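These protein sequence lines map, in sequence, to chains C and G.
Numbering (my numbering) for the first sequence: 1 to 693.
Numbering (my numbering) for the second sequence: 1 to 536.
Honestly, the hints are just simulated from the structure, not real lab data.
Nothing here was measured: the structure is a model prediction, and the numbers come from that model.
Please note that the accuracy of each hint is not assured.
Result set (DSSO-like, lysine-lysine): computed pairs, CA atoms no more than 27 Å apart in a straight line [to be verified]: (1) G:LYS517 / G:LYS349; (2) G:LYS255 / G:LYS153; (3) C:LYS112 / G:LYS255; (4) C:LYS111 / C:LYS79; (5) C:LYS111 / G:LYS153; (6) G:LYS255 / C:LYS111; (7) C:LYS111 / G:LYS499; (8) G:LYS349 / C:LYS79; (9) C:LYS471 / G:LYS349; (10) C:LYS353 / G:LYS206; (11) C:LYS112 / G:LYS206; (12) C:LYS111 / G:LYS206; (13) C:LYS471 / C:LYS515; (14) C:LYS445 / C:LYS471.
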Amino acid sequence: MTRYALGIDIGGTFTDVVLFDTEQGRRLTRKTLTTPGDPAVAVMQAVDQVLAEESIPPGEIERVVHATTLFTNALIEHKGARTALLTTAGFRDSLEIGRERKYDLYDLAAKKPRQLVPRDLRWEVDERMLADGAVHRALDVAALDDIASRLDGAGVTSLAIVFLHSYRNDSHERAAGERIAELLPDLAVSLSSDVAPEIREFERASTTVANAYIKPLARDYLNALSERLGARDITAPLLLMLSSGGLTHVGEVRRSPVQMLESGPAAGALAAADIGRAEGLEHVLAFDMGGTTAKLCLIDGDEPEIAYRFEAAREKRFAEGSGLPIRISAVELIEIGAGGGSIARLDGLGLLKAGPDSAGAVPGPVAYGRGGTAPTVTDADFALGYLGAEGFAGGAIEVDLASCRAALDALAGQAGLTPEQLAWGVHDLVNENMASAARVHIAEKGRDPRNYTLVATGGAGPVHAYYLAKKLGIRRVVCPRNAGVASALGLLLAPARVDRTAAFAAELDDMDWAKLEAAYQGLEAEARQVIADTGKSDARVQRLADMRNIGQGFELVVNLPTGPYSHDSGANLAEAYARAYQTHFTRPPPNVPVAIAAIRVRLTAPVEAAVNDLAGRGVQSSARSGRREVYFPEADGWVEAAVLDRAAMTIGDEFSGPAVVEEPESTMVIGPGGRFHVSANGNLIIELPEAAS
Amino acid sequence: MSQLDAVTLEVIWNRMIASVDEAAKAIVRTSFSTLSNEANDFACVLTDADGQLLAQNSGSIPSFIGTLPATVRHTLARFGRDGLHPGDVICTNDPWQGTGHLNDVSIVRPIFRDGNLIAFAATASHMPDIGGRIRSVEAREIFEEGFHIPLMKILRAGEADQTFFELLRTQVRTPEQTEGDIYAQITANYLIEDRVLAMLSEYGLKDLSELSLELNGRTEAAMRAAIADIPDGDYHYEMQTDGLRAGAPFTFALKLTVRGETVHFDFTGTSPEQPRAINCPFCYTYAMSAYAIKCALLPDIPNNSGMLRPITVEAPENSLLNPLPPAAVGARASTGHYVPILAFGALAKVMPERVMAAAGSPLWNCTQSGVRPNGQSYASNLFFNGGMGATVGSDGESVISWPSNLSCTPVEVAEQYAPLLFHYKRLRPNSGGGGQFRGGLGQDVLIENLSDSPIAVTFMAERTRFGAPGLAGGSDGEVGSVQIDGVEADNRAQHHLQKGARIKIATPGGGGYGPGKERREEDIKADHFFGYVEKD
């Protein structure tokens, strides 16, 4: 009998493990410190503990789903494979030249983001395709022998091959890849036509090089993890979370690990989407705040939106443009340098700042007593009474309130503020930073924040959700149970998923429909194979296309009607484009012919044992665990507020603020006038009072 | 809690910046111009009722520093407070009252609360087309450069002036898109108004005057303190640039006067205005001067008027840096981009560690027009950048846009759009000026014409005769060059190329910093190892 699903989420600081009982809707959770040297150590430790807790036989685990920041960290810390790049003759510098832009306009020593392959490891070979895919110069296969011996001599373990126009004709890349593989069978090879078959040589190269850079690491790590799970008699297939919020099998990630870069945040967004679905919410703003960053993601309808580009490993203060461009399907979200560890200070104008610099896990907030001396957001949250020192983090951390207050008082003195004003200022300011980023992101999508419900997850999310919502004009906040490990829970919800893309340039008015249909079917067949290898059969197929009016410099990714297409499909595709255009630009498209630049397919297959009760249910009777002094600005200061134990709450219980609701992994803060109850799904639903003004 | 303490001010300032950043995203999302939506060639601002800048969108390029607040003040001067009413929208693309060329349209919206004028929302954006000649420095007068909109109301109390829009549509090549982009700006201005009014309600503020005093006051004080650290004196710098023809270079001269807490730019001695579209209106000269000071002294503080108050600028009338109507100004950047270099050259006399050696800028381009095999005509415009100058402690970055921020067109996109074949696009070894810190490299690009019919080609190219000067003993960057079929070409003239003709573009490197003999051994080795410097 198999009835358990296991979710494993490795973050920068913590590894979260969730064991879910699919029959009874119960879950066992464990948070443990990540072991960066060998991440599988922490994973196995946590898995052993949850299994031991209720003596669950490993054989009863039906599937294991995994997300990790390991590969992202390798990019940030430049700890990947010794990687080389092979390009068309004349273009080995494309990677270093980039798009010739800078991300900081006022920094005279500005640098482009550091590339992963230095110039001495970038080689060229004679070959050339034209823009229409015609061969202009044949591949000089003989020259590859010499290149292979130089790769070998330089100790390269992974190679990216990026030839011009390979998104139109990949034959040279394939031929070169095959020849090199014959000569150097141990070398990992990544082809750009395979990893990111899209026009624009720099972005395609950046994506392919990132893939190559983490490929040996991914191979070794996944092999090791599979082996260790096997050694514990966990024989269920290991499935991996993609940045798109879908699952795939190990082989697919070994081929293209770059798809896994945003797996953790994607899982968090999926969890929020599921909570929204359960509560019948149409518009959800997922808010996940941890130790160093906060992530925000808009979910309209059932699923988070997908973007087809993002930046990995941003170097400077999360600044746009300071990362490596990556062209893959990824859940669209924004990441802000605002977390519990964000450091508070005064700037050159005497104004208070919170973040983006973070105290991280080490030395951490002053209150953690691990050597931190700079006051952080978490310190302010302790000083305000939002976090309770007693039993914090389930008793794992001994809180040093005296040092925490002393650090805040010193800063208050410099700013000419009372300690309360300063602490509230830090809390308010970090909320304002997140609200600003959210407002700008929401404006970018042309939406209105007041139509959204905030779903708060992560260790610090519930602490800041109430006043963040207030700033955004949001009237309702949802806080799930086990909010601190929501991403690991989200892993158990993901469908199997494959995204594939191919270049296809044609005007709608002049379309060879048989050719278009064949191209879509080709991609679908490829994607179906991956779904089958993941252990699923029936997949939902969504066709998409990158479309534009001729003469425009940018494309929209458009959801298309289902196939098959024939000569009378033109009107339907044009209509789909017009609808997408109207949504994006808020006006109908100009009367100019429409062209397709690339086609995409997305196949999804839901998990069989639907985990429809992630929210869980409390069973004990309601009980207050006490009261403490908490600072609320709308009450003009300190108020004796109720401190409630989340585990003791029952469905249907109703409360009113001011209050704090405590769980081992997080604390939900509710201001005066706020009303909240436990929904039928076990979620806390918090209604904010109407704005005073 | 006092109303405007260190926390409240910071929160409200963030909120105001978010409101203009929101407007910026709305423009990116809805505008047709790729210069707006890919190169951030636009700006959104909020000013107080007197046209003092409170917030400018975070990504806007330096050309717009101070220009929109000036346009707001021109609006006040033209219509008076009593002449402005709720729902009015004011428009101009006048180079002298706007941003320096006709391609940018500025839109101003007065914001009222309880019947009182309390603020202005203003935006400027590069149009997809504004009529006139296409991207040519050939224009002799502004009349050739496109549709010229004087400062005027295009909406009165919310009613659009149909005559204006009909005229506009008739004058430009892309009527729907140009009109659409102007409406995108109007929407963005409305969004700023909405956010600011909500913020005032939330914080119980009557208007922006107290905020403006406090924020601009603090920033002004910080700028004054930073300037006070510079020793008083008159600092001179002079530089020659290519000019329009061989043997007749332009002279740029600057006397930078630092007195106490103020800095004054005087460009007396700069060459006269030219009968070509390379003249740089004073507003752009001012923006580039202020940009240089901000980079050197206060790079991290958001733009507002307080920052600008201690900085004054003068340039002789009818000079390259202060041309008067009807001078042609379309390519103002190819002159204006020299201005921050002049400022750094002068400041280097007293604070070399805060500035940068000259960059291999202004920006280059190559425009080709021709006919495709199917008979369609096309025009393709490619940008190319040189290397950045070195600073104390850091080599200049190679091949990067400065002081602007324009992306290059990917080779694959360029080849898909036009019948061209790139043979290479690569770093240009040895082009960075030597020194303790090396200038950034330029690039070498070789492009072949694949078109069966001849194509017409023009260039914007600078520093082909005078390299980017080094600083503090560093060497000059290598000059750039344009060759056609291996022969040095006149980059100021139009060329007609047959199939198979090859254009070689070599962009200039940045200047070096500090004496070359001080360069660390490992940096010299690395330069050779990576091939950034090649031995003869």
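The hints, checked one at a time:
Distance check on the hinted pair: LYS517 (chain G) and LYS349 (chain G) sit about 21 Å apart at the alpha-carbon level, within 27 Å; holds. Proximity of LYS255 (chain G) to LYS153 (chain G) is assessed by CA-CA distance (about 40 Å); at most 27 Å being required, the pair is judged violated. Restraint check: the Cα-Cα separation between LYS112 (chain C) and LYS255 (chain G) comes to about 33 Å, which exceeds 27 Å; the hinted pair is violated. Restraint check: the Cα-Cα separation between LYS111 (chain C) and LYS79 (chain C) comes to about 20 Å, which is no more than 27 Å; the hinted pair holds.
Of the supplied pair hints, the one linking LYS111 (chain C) and LYS153 (chain G) is violated, its CA atoms being roughly 43 Å apart against a limit of 27 Å. For the suggested pair LYS255 (chain G) and LYS111 (chain C), the alpha carbons sit about 31 Å apart, so the restraint of at most 27 Å is broken. Pair hint LYS111 (chain C) plus LYS499 (chain G) does not hold up; C-alpha atoms about 39 Å apart against a cutoff of 27 Å. Proximity of LYS349 (chain G) to LYS79 (chain C) is assessed by CA-CA distance (about 43 Å); at most 27 Å being required, the pair is judged violated.
Of the supplied pair hints, the one linking LYS471 (chain C) and LYS349 (chain G) is violated, its CA atoms being roughly 49 Å apart against a limit of 27 Å. Proximity of LYS353 (chain C) to LYS206 (chain G) is assessed by CA-CA distance (about 26 Å); at most 27 Å being required, the pair is judged to hold. Between LYS112 (chain C) and LYS206 (chain G), the direct Cα distance comes to roughly 45 Å. Violation of the 27 Å bound is thereby established for this hinted pair. With a CA separation close to 44 Å, the supplied pair LYS111 (chain C) and LYS206 (chain G) exceeds the 27 Å bound.
Taking the CA atoms of LYS471 (chain C) and LYS515 (chain C), the gap is about 52 Å. The hint is violated against a cut of 27 Å. Simply put, LYS445 (chain C) and LYS471 (chain C) have alpha-carbon atoms about 19 Å apart, close enough for the 27 Å limit, and the pair holds.
Hint check: violations occur at hints 2, 3, 5, 6, 7, 8, 9, 11, 12, 13; the rest are consistent with the structure.
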